[in-house]
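Starting from the known structure of chain A, fit chains B and C onto it as the hints suggest.
So you can see what is in the structure, the chains are spelled out below.
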Amino acid sequence: MNTNIKLSLPVVCFVWQLSMIILFGVFVRYNEESDTHWVDYRKENNITSDIENDYYFRYPSFQDVHVMIFVGFGFLMTFLKRYSFGAVGFNFLVAAFGIQWALLMQGWFHSLDYTDGKIKIGIENLINADFCVAGCLIAYGAVLGKVSPVQLLVMTLFGVTLFAVEEYIILNVLHAKDAGGSMVIHTFGAYYGLSISWVLYRPNLDKSKHLNGSVYHSDVFAMIGTLFLWMFWPSFNSAIADHGDGQHRAAINTYLALASTVLTTVAMSSLFEKTGKLDMVHIQNSTLAGGVAVGTAAEFMLSPYGSLIVGFFCGIISTLGYIYFSPFLEEKLKIQDTCGIHNLHAMPGVIGGIVGAISAAAATNTVYGDLGLENTFDFTGPFAKRVPTIQGGYQAAGLCVALCFGIGGGIFVGLVLKLPIWGDPADENCFDDEIYWEVPEDEESVPPILAYNNHMIPNKHADM
Amino acid sequence: MNTNIKLSLPVVCFVWQLSMIILFGVFVRYNEESDTHWVDYRKENNITSDIENDYYFRYPSFQDVHVMIFVGFGFLMTFLKRYSFGAVGFNFLVAAFGIQWALLMQGWFHSLDYTDGKIKIGIENLINADFCVAGCLIAYGAVLGKVSPVQLLVMTLFGVTLFAVEEYIILNVLHAKDAGGSMVIHTFGAYYGLSISWVLYRPNLDKSKHLNGSVYHSDVFAMIGTLFLWMFWPSFNSAIADHGDGQHRAAINTYLALASTVLTTVAMSSLFEKTGKLDMVHIQNSTLAGGVAVGTAAEFMLSPYGSLIVGFFCGIISTLGYIYFSPFLEEKLKIQDTCGIHNLHAMPGVIGGIVGAISAAAATNTVYGDLGLENTFDFTGPFAKRVPTIQGGYQAAGLCVALCFGIGGGIFVGLVLKLPIWGDPADENCFDDEIYWEVPEDEESVPPILAYNNHMIPNKHADM
Amino acid sequence: MNTNIKLSLPVVCFVWQLSMIILFGVFVRYNEESDTHWVDYRKENNITSDIENDYYFRYPSFQDVHVMIFVGFGFLMTFLKRYSFGAVGFNFLVAAFGIQWALLMQGWFHSLDYTDGKIKIGIENLINADFCVAGCLIAYGAVLGKVSPVQLLVMTLFGVTLFAVEEYIILNVLHAKDAGGSMVIHTFGAYYGLSISWVLYRPNLDKSKHLNGSVYHSDVFAMIGTLFLWMFWPSFNSAIADHGDGQHRAAINTYLALASTVLTTVAMSSLFEKTGKLDMVHIQNSTLAGGVAVGTAAEFMLSPYGSLIVGFFCGIISTLGYIYFSPFLEEKLKIQDTCGIHNLHAMPGVIGGIVGAISAAAATNTVYGDLGLENTFDFTGPFAKRVPTIQGGYQAAGLCVALCFGIGGGIFVGLVLKLPIWGDPADENCFDDEIYWEVPEDEESVPPILAYNNHMIPNKHADM
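As they're listed, the protein sequences go chains A, B and C.
Quick note on the numbering used here: the first sequence kicks off at 174 and runs consecutively.
Quick note on the numbering used here: the second sequence kicks off at 174 and runs consecutively.
Quick note on the numbering used here: the third sequence kicks off at 174 and runs consecutively.
Bound conformation, chain A alone (with noise of 0.2 angstroms):
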């Protein structure tokens, strides 16, 4: 197989970021909070102080979604002893390359200025390419070390534009909420990485088995991912939310999920080894479960002890796919999923899509109040007339419009993916960075009379 990238990774990476520029200069404009007629606009709407710009309400939770997505979702992939550079190294590119893509396409869907032809943009969208993005990162989770940077892009171009779509039809056609995009993401993203795998899976891949796997200090690594997406998903889950107790709940919503998860993760990752040790995949990974099936109901008045509850069943569930699902996704199903994105981002978040129907379906006036109903649920304009048994059953399919385009959408690239073209490695170079990166000389690549001479010499660094 050939891996040579030398033509195609330059070529595709120039050409799509000419093509950005040439679409942002006809299609993108700052919006009215991001543009010096700010000033005119805060009179006009007498606007008291500039502390009013949308910006002040999502700055804060912007940086830290950022923080998920380039360092979060990065290091948690650095756990392979040997694909540290792609794991961090890929994501940087492909998200890099999806927050632009996204802009534009989720800029045609919801922020297009009808008077001039323009998308306006601002905080909010920024935001939401980011969003965008993760569920690409996602799917990247469940192919980590089989494709080639180039396959990696073109999952993320068509990624990007199916999520615009489905995001477009369960958002505005039926109307669904989803702040923390329990479907709109993660149901999304893994079912889309997950189909890719599948088309794509590799009868050899156990060639490669002495590289899939982590050493100590991978595992370390891998901890900083996890713990900057765990400590940062309040901010995840109520970065587009409504100003004020909108956010403010999804904040606490997602605080208590994620606490709960990782006290029923131990539990399990303990009950369930022979000698009750723990697991670090288990640590890394299902802590984070209770955060993506808090996302849809995070907005909604769920109360403290629902999140505590959703985020309990949310830790067993994911440990219990690391350790029976997982292995028979592969064997039975022909599904290679790396990072096991199946146990942290498919199950929780189709129970996240689940909890958001039904709480929605669930919510009265007297809960809410009046206005706060009308505010949270959005029952205005041509949705004035909505109740809240209905909106479950618009949730409800919301998250099935998720689940077809994850599929679908993942079978239709996996075929593109499968063509001879995009330099993927053979399967006994998976999981290697040597592949696609200059990899510093460490004694492992010098030959074995060398390495063995390097230990008789002092003061050899290279061999840390």
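You may find that some hints are simply not true.
It does not matter which identical chain is used: a pair holds within one copy or between any two.
[Unchecked claim] The calculated lysine-lysine pairs, modelled on DSS-like cross-linking and capped at a C-alpha distance of 25 angstroms, are: (1) K179 <-> K447; (2) K382 <-> K450; (3) K450 <-> K179; (4) K216 <-> K291; (5) K450 <-> K591; (6) K380 <-> K450.
For the record, the hints were derived by calculation from the structure and aren't laboratory data.
Same frame as chain A, but now just chains B and C:
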């Protein structure tokens, strides 16, 4: 000794998490700023904008504090060569449990709505829960590597309970101020941990001496913890300070105290090492002492040079503590303090309490302004007649309460933890992740002859 | 050469820290927003809410900038296999000293209250102090591994002083705008460091060539620095921009420029390596060039596609710099630039100055609005009659000032640092932590026969 925690760890996690769910179900609800009724509350109280929601005053600081708790404390303890999983993993477990229990304990004391008997939570409660857990994580530093995760959970259960009571006495009964928790968090937490470590003294701990130290990369990992603690400490000390100038001033004071500490720490480290070389232990820990010591007075008019002076002396004292006092503590007082929390938290915490008492007693209307004095010290309601000198006395009393709760509580909990039922490691297995974690197979775990042969095989990566 | 810093380092640290305390005592006070009199100030000035305190406009950005300074710059330099302690530790020391000296120097020029002769500080001063230190840390990149900590402190003392003067000339005298500091911070800092490195040229540096490179894990550590710089750069460029649309726009422009840079960096890295593989040096550094280059114009109406274009070219130029220009610089111009700051800061900084001049000169009332133009360029007071084309000229003049101060100041300071009193390492000891740090004993520091034998002992962990 039986280190098998297969039964006890899962049982404790499940039972406690279920208890949390039940207690949250009975007691915990959203407060008026995180409830959907906020929209009505705003109108009734003529609040002009959603940006007045306390969420926007405190959320950025909250997230910084959250990073300190999980990445800061967690990675600071990864310095041990072979206990990084335990450091960052058990820190994660303990904190995730502790914040839930703290929301309840602190809620009963501070946020109980007597009209309906419910605890009403918002962003400030989340910060306080993180603060409360910080006390327990400080204590973890003293016993790092020598206790089982079940013991840590028991330590946290009692620690949070004791914390909530001493906090209530100090802040509400004595009406002492302690924005950054020099007394309430650091003094209490440190003496709590040191007392536990005293009761759990291991005379034969040198059996695992070879693991009680760092390697090159584990010291770099620990610097991640150090720096995130150092950088975000201004947020820690200002997180629950008064809106406006209170938070602003607390951040400035902390920023300055910490900067000053770094220079004197470096100076002392170089001065007292034989060859003038720097010791990573000091850089990782003593550089933080200024943040601890400026905690109580952070909100006061300590003035910028005052903050520098506090930091100046704390860098000196803390580094001297590592050089002279830690060995004395271990040999003479039989207190084995793995992370040296006596130097980082105990002494600076007591200094912080004293600085707070003095600067409170010295407060004048000229410096503070009439309104400013009243606001800063909350001389309102039942405390309307209190004057600065009296306040200084109550501050000192607060410090004594923190010391008593720390030492007394620590001895009691130490005795509980001495029971032979908690699965703590044998002396020769301390500081070793192998006891509680599935550790990936690096070269050192394979038989010697294989390890040697591995070096003969090019591209053998686990070796790294 | 005498690398003993046992006397000089402690003396310098103590004397300078004591001087800081005295100078702060004489000069530095809280400003009206961080003083307890804020409560009176609010009432007198009809400020309706505490949220109008500048603290809430800038604190989230401040903390992000703080992370860039300490973790970003610190970890970016950990890429060397055996100089990670020096990278992150000396960065810490230098920055902690620099921010104090910067508060004074910048305070005298910008925040002096002439009524009482005091410098009044608030959150914006803290950000500016961090900015000022950034210039010195950039310079550190050029001399990394080749100077002693005492030399670094001297470099910082002079660097901050020069910075404050050039900043005053550029921002106040010339009234040039430079929100993100392309000129003031990056151009100045980079040429300051390069000039010092030129004066300190070491013809026999290849004696320590074996240590002037990375190992696998040190490259992963460096990515922590890269990513935190990359992610928080929007906060850097917007931290001191105008409230409202200014900060909002600066963040958007930076976000986009950086995304674009990643793609062209990857493209160039792959294109110019023999086998199409990616080089970590480029990914770690050149991906940041867009953030540098968009600094000056971040606040302007550069428009989203303009930002993408800036990023596009900077990724190309910076990567080419690493491939062709750095070797040329070292061989022909005798400038040894350890971190390649010429490619990451110098060239992109100059580009940023030029982009700023052009976009200022091209500003029109149509694009900005009358009020917007006045606000963005502060065409008020003595500069009320200035027009965009003239402003463009002053911007260009500002760039020249930054260059002159950087080069002139660097040569002067380089000569000072050439004095044989600073304890700098011998050529064969460059890039080695052993000189200034107590390094934990790993296998490589024990005698060869022992090192060999260690591999014979199972469970020998120090080996990792």
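Query raised in the report: Any of the earlier hints contradicted here, and which numbers?
Result: none
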